[in-house]
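Put the two chains together into one complex, using the hints given.
Here the protein sequences come in this chain order: E and L. Read the first sequence against this note's numbering and you will find it ends at 205, with the numbers running on by one and no gaps. Read the second sequence against this note's numbering and you will find it ends at 96, with the numbers running on by one and no gaps.
These are calculated hints, taken from the structure and not from any lab test. None of these values were measured; they are calculated from a predicted model. Careful: at least some of the hints might be erroneous.
[Claimed, not checked] Pairs of lysine to any residue residues, derived as SDA-like cross-links and limited to a Cα-Cα distance of at most 20 Å, are as follows:
1) L/LYS32 x E/LYS94
2) L/LYS90 x L/GLN58
3) E/LYS146 x L/GLN20
4) E/LYS176 x L/ARG82
5) L/LYS32 x E/ASP180
6) L/LYS32 x E/HIS137
7) L/LYS32 x E/ASN201
8) L/LYS93 x E/THR3
9) E/LYS94 x E/ALA49
10) L/LYS93 x E/LYS176
11) E/LYS176 x L/LEU75
12) L/LYS93 x E/ALA30
13) E/LYS176 x E/LEU105
14) L/LYS90 x E/ASP98
15) L/LYS93 x E/ARG74
16) L/LYS32 x L/LEU22
17) E/LYS146 x E/ASP98
18) L/LYS93 x E/ARG37
19) E/LYS146 x E/ALA184
20) L/LYS32 x E/ALA197
21) L/LYS90 x L/VAL67
22) L/LYS90 x E/LEU33
23) L/LYS90 x E/ARG29
24) L/LYS90 x E/SER47
25) E/LYS146 x E/ASP125
26) L/LYS32 x E/GLY193
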Amino acid sequence: MTPTEINWPAALRAADSAEQAAAVNELRAVLLNGLRIAFSGRGDVSEAHLEDFAQESLLRVLDRLDQFQGRSRFTTWAQAIALNVAFAELRRKRWRDVSLDALLADGGRFADPAVIADDALGADEDRTRLVAALRHAIENGLTPKQRAAMLGELREMPFDQIVELLGTSRSAAYKMLHDARRALKQRLHEAGITGADIHNAFNL
Amino acid sequence: MKSEDQRLTREQVGSIVKMLGLTTDREFNCGECLQHVSEFAESQLAHQPVGEVIAGVEQHLALCPECREEYEALMKILKAGL
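The shape of chain L in the complex, shown without the other chains (with noise of 0.2 Å):
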């Protein structure tokens, strides 16, 4: 990693905080939110309520910017109808 390059930015500094905030002891992870993210999606579309089970999705979603960017991949193809 360049010297120059090591300095976080102040959105990512304060990605930490807001993490943190967000923890709680139980959480889903990966592999969890993958198994119900499609359920998630098509609740959000349909402008439903969300479960108990799923409501883990919403917060690790808030959690992680990979499912997070898989998501919102998701809910794009679902908006076109397939």
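Next up, chain E with everything else stripped away, as it sits in the complex (with noise of 0.2 Å):
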């Protein structure tokens, strides 16, 4: 039987344990060699690792199995759990030693020329007066915590990261976030500046 014509659900739940036992290191071997694919060729990313990653997608897709609504392939689904624990790992290990302090200072900074500077989106009369819009709503229109929470994912900082720094909740902390940009695009649009206008100057 192939992995697309395993009933996956059912057989990880399965009261006979040998039965459930199989089923679990089948799925454990379709999520390594699926993260040896999405992996393939980064240096950085050892067999060890991938054994690691595939351990512990492995619990989660089991710790998250009512959440699956037969709306993908199964494994698809837990392909995508698996990707998602992966990565969240290699960010982690590449901002460990940034502290709250550090992120909070950084995004002080947010709106100083330094930062941004009036060129940043180049030199024309346009693009300055953005700039110049963009830094004024940034330092008048955020929250310490905004400002940090936002400066902090443009320099690839990772969300579980920026998250667990601020002491708060993956949702609240998105929400944050949303919120920020929302408040910036409020700001944009009070200096004359509209969704329009960026979507012509940036052809999105």
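Take a look at the structure:
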């Protein structure tokens, strides 16, 4: 039987412990194969890393089994979870020494010309006006935590780490960033820069 | 953060502005995206139209580089036939 033919939720919940163990082992192999493909060519990810990711992913999938709604193949759903686990771990390693104080201090400089230069988007009048309005909006429209979270995200700090440093939940942090974007958009609108201007300027 | 590392690149500043252009009042968060991304990926692979529910995935992927990175890796796996 191929992985696409297995009724995974039933097999993973099987009352027969041997049947369940076989399904768990099979799923672990499927996840490991997927991770090998996803991270092929990356020198910073060893086979030992992949084995760890597969094991951790397997536990996460089993823990969330009730959330599978059958709208995709089970293996696609499980692979998405495995990739989320693996990338989160890799991102965390890169940024593990950053403190909340450093994040907030960096965010405090977000609107500084040393961070966003006058000609950051180009030297023409429309774009320098847009940058000036953006800096003003960042300075006056965001809270210190919103500035820190948004700048951290721009510098590719992992979202999970931003959540952890700010001592909040993922959903609350995402709402904080969403509210920040809406506030900036509103401030730009008040400065006479509309969504249509942005779409036109960037060919969105 | 070292002073020489502070300045954002043109791409980073551009990405702020682009994100503002794409921002809407109702959006998927990362958890909602993860819940639906497998369905979205299979639709994309089969060149099927995206339904209303999972249209939010596409918008979230345009805004969230982390979820975008994971989606691209998922597509790599699916294209390999797994």
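A quick look at each hint next to the structure:
1. L/LYS32 x E/LYS94: Violated - the C-alpha atoms of E/LYS94 and L/LYS32 are around 29 Å apart, more than 20 Å.
2. L/LYS90 x L/GLN58: Holds, at roughly 12 Å.
3. E/LYS146 x L/GLN20: holds, 18 Å
4. E/LYS176 x L/ARG82: The hint holds at about 19 Å.
5. L/LYS32 x E/ASP180: holds, 16 Å
6. L/LYS32 x E/HIS137: It holds: about 17 Å lies between the C-alpha atoms, which stays within 20 Å.
7. L/LYS32 x E/ASN201: It holds: about 10 Å lies between the C-alpha atoms, which stays within 20 Å.
8. L/LYS93 x E/THR3: holds, 17 Å
9. E/LYS94 x E/ALA49: holds, 15 Å
10. L/LYS93 x E/LYS176: Violated, because 33 Å separates the two Cα atoms, which is more than 20 Å.
11. E/LYS176 x L/LEU75: holds, 16 Å
12. L/LYS93 x E/ALA30: holds, 18 Å
13. E/LYS176 x E/LEU105: holds, 18 Å
14. L/LYS90 x E/ASP98: violated, 31 Å
15. L/LYS93 x E/ARG74: Distance of about 14 Å is within 20 Å: holds.
16. L/LYS32 x L/LEU22: holds, 15 Å
17. E/LYS146 x E/ASP98: holds, 19 Å
18. L/LYS93 x E/ARG37: holds, 14 Å
19. E/LYS146 x E/ALA184: holds, 14 Å
20. L/LYS32 x E/ALA197: Cα-Cα ~11 Å, so holds.
21. L/LYS90 x L/VAL67: Status violated; Cα separation ~23 Å.
22. L/LYS90 x E/LEU33: Holds: L/LYS90 and E/LEU33 sit about 14 Å apart, inside 20 Å.
23. L/LYS90 x E/ARG29: holds, 19 Å
24. L/LYS90 x E/SER47: holds, 19 Å
25. E/LYS146 x E/ASP125: violated, 32 Å
26. L/LYS32 x E/GLY193: Holds, at about 17 Å.
The structure does not agree with the numbered hints 1, 10, 14, 21 and 25 stated previously, though it agrees with the rest.
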